[in-house]
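Colleague: This is what each chain is made of:
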Amino acid sequence: MEERVAVTGIGIVSPCGLKKETMWANLKKGKSFVDEITRFDASLYGSHIAGQVHDLDYYTHLPGRLIKKIDLFSHMALVASKQAIEDSKLDLEKIDKTRVGVFMGNALGGWLFAETELRDMYLEGREGISPYMASAWFAAAPQGQITIFYGFKGYSKTVVADKASSGLAIWYGAKVVKAGKNDYVLAGGMEAPITPYALLCANTSGTLSKNNASPKKAYKPYDLNRDGFVLAEGAGVVMLEKESQAKQRQALAYAFIKGIGFSSDGYHHMRYSNDYGMLSYAIEEAIKDAGWNKEDVDYICLDAEATVMGDYLEVQALKKVFGSSFNNIAMSAPKSMFGSMLGAQSVMDLIITIFSMKNNLVLPTINYEVRDPYCEFNCTPNKAMEREINKALIVSRGRGGINVVLAVEKE
Amino acid sequence: MSLKEEVIDQICNTLDVTKDELQEEISLYDSIGVDSTEIVELVVALGKHFGVKLETTEVTKNSTPLDIVGIISKKK
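In the order they appear, the protein sequences are chains V and R. Note that the numbering used here has the first sequence beginning at 1, numbered continuously upward. Note that the numbering used here has the second sequence beginning at 412, numbered continuously upward.
Bear in mind the hints are in silico, worked out from the structure with no lab data behind them. Any given hint could turn out to be false.
Said to hold, decoys possible - The calculated DSBU-like cross-link candidates involving lysine-lysine, where the alpha carbons are at most 30 angstroms apart (straight line), are:
id, chain 1, residue 1, chain 2, residue 2
1, V, Lys-242, V, Lys-288
2, V, Lys-153, R, Lys-464
3, V, Lys-157, V, Lys-97
4, V, Lys-89, V, Lys-410
5, V, Lys-175, V, Lys-19
6, V, Lys-82, V, Lys-97
7, V, Lys-217, V, Lys-31
8, V, Lys-247, V, Lys-410
9, R, Lys-464, V, Lys-68
10, V, Lys-29, V, Lys-410
11, R, Lys-487, R, Lys-464
12, R, Lys-415, R, Lys-459
13, R, Lys-415, V, Lys-68
14, V, Lys-29, V, Lys-358
15, V, Lys-82, R, Lys-430
16, V, Lys-89, V, Lys-178
17, R, Lys-487, R, Lys-430
18, V, Lys-68, R, Lys-472
19, R, Lys-472, V, Lys-31
20, R, Lys-459, V, Lys-68
21, V, Lys-19, V, Lys-31
22, V, Lys-178, V, Lys-28
23, R, Lys-472, V, Lys-97
24, V, Lys-94, V, Lys-247
Note that this is a predicted model, so its numbers are computed, not measured.
Work the whole structure out from these sequences, hints included.
Modeller: Here is the structure:
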């Protein structure tokens, strides 16, 4: 039997907690962590609500000398990495660091740092720019900072694929572990979109909710009155290694990355293809790659874009794949409680799914009030549901139809 | 404040290190593990503070605080 890739460590920085236990305890309550943006005056933006990370400075282990050189997204990734390493009980002094890699996903880059420096450049000229700008803003910066901080020298990569970024990063990391190129991989993603420029770009996508008057009610996937998703910032990192190695060093395996399906709509630079065929294809490929039957799937963590078309296409694609067994599978979008972390969303969904497996509890899709006849199914509305979960799919869709589906199993 | 004290103050403030970590006759690399981007930041900060034009070929990671004092005193 083919060797599986185990998840042996978890690290999380999110609007609903900066430790995995806190996050789970908060999400179980089924309440929203979306609020009006407080980092800067965003009142003139079409959408000025978000899931924001609070108290990072309290939880950080980084010296001020490093913090001033890096963007918020690297900072969050470093904090989540530390948690994942500690959680995996890996003794870094006893391993070959040339066999440890870092695979991260990110969509936007580090704009909080970049915007400040660009302003200084226009005000003071080229000498006004910090020398750290070059290494702070780009999407692969967190990967670099993690490898430098810990001295990891194994094969590493950063994936940029919008909301599917960390899903792909996890898969690449798992492939590298499975192929024996690295013994350990830290995989995940990070996103810091709550900055004046990044928020402006995200607003022009036309997919964000404008329900600023009721932040906690704004993100309502699959509801008739949905008007888009809500942004969130954060980072998630998991430690990956071969199952045999995890057993040998008596590490706890939370779950196993079993398969992936991916496809591109190849239709439009922003919109999804109207025929949802490529999303169905990715879902089927994930099931096939995992060696499962469709009936084996217990839970699906949904993409939940909360746009009229996005949700409709996702539900239709799932109905097409699962047919008569569609109604037997538990499905939900826990991200409705805190927002979409874009490039870090897939890993956040993976971590939540792992906790759901461990606790046999499906977290709810909150804010579901009015049934949409074109998008009708059981999305676990508003209240968590007990259900044994052994096999799960995690659906992620990037803009323009970058479809990534991870297959994960508990035992 | 002497020029030496002022230079050391500037190095500490710019690089976010303490005076105890710096050593007058030990290179910045050997004492605090300074990297190339920190050198760029330091050169710009010292240039602004002392009103002199410094180059990254003059102040390098192998410079000691005393070397830097010497370079600045010649230019002032």
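Colleague: Decide, hint by hint, whether the structure agrees.
Modeller: Here's how the hints hold up against the structure:
1. V/Lys-242 / V/Lys-288: Distance ~21 angstroms between V/Lys-242 and V/Lys-288 Cα, so the pair holds.
2. V/Lys-153 / R/Lys-464: violated (38 angstroms)
3. V/Lys-157 / V/Lys-97: holds (16 angstroms)
4. V/Lys-89 / V/Lys-410: holds (20 angstroms)
5. V/Lys-175 / V/Lys-19: holds (27 angstroms)
6. V/Lys-82 / V/Lys-97: holds (15 angstroms)
7. V/Lys-217 / V/Lys-31: holds (10 angstroms)
8. V/Lys-247 / V/Lys-410: holds (15 angstroms)
9. R/Lys-464 / V/Lys-68: holds (25 angstroms)
10. V/Lys-29 / V/Lys-410: holds (23 angstroms)
11. R/Lys-487 / R/Lys-464: OK: R/Lys-487 and R/Lys-464 at ~10 angstroms, within 30 angstroms.
12. R/Lys-415 / R/Lys-459: Holds, at about 16 angstroms.
13. R/Lys-415 / V/Lys-68: Since the Cα atoms of R/Lys-415 and V/Lys-68 sit roughly 26 angstroms apart, the hinted pair holds (cutoff 30 angstroms).
14. V/Lys-29 / V/Lys-358: holds (17 angstroms)
15. V/Lys-82 / R/Lys-430: holds (29 angstroms)
16. V/Lys-89 / V/Lys-178: Answer holds: V/Lys-89 to V/Lys-178 is near 21 angstroms, not above 30 angstroms.
17. R/Lys-487 / R/Lys-430: OK: R/Lys-487 and R/Lys-430 at ~24 angstroms, within 30 angstroms.
18. V/Lys-68 / R/Lys-472: holds (19 angstroms)
19. R/Lys-472 / V/Lys-31: Violated: R/Lys-472 and V/Lys-31 sit about 52 angstroms apart, past 30 angstroms.
20. R/Lys-459 / V/Lys-68: holds (19 angstroms)
21. V/Lys-19 / V/Lys-31: holds (17 angstroms)
22. V/Lys-178 / V/Lys-28: violated (33 angstroms)
23. R/Lys-472 / V/Lys-97: Satisfied, since the Cα-Cα distance of roughly 26 angstroms is no more than 30 angstroms.
24. V/Lys-94 / V/Lys-247: holds (17 angstroms)
In terms of the numbered hints stated before, the structure departs from hints 2, 19, 22, listed from lowest to highest.
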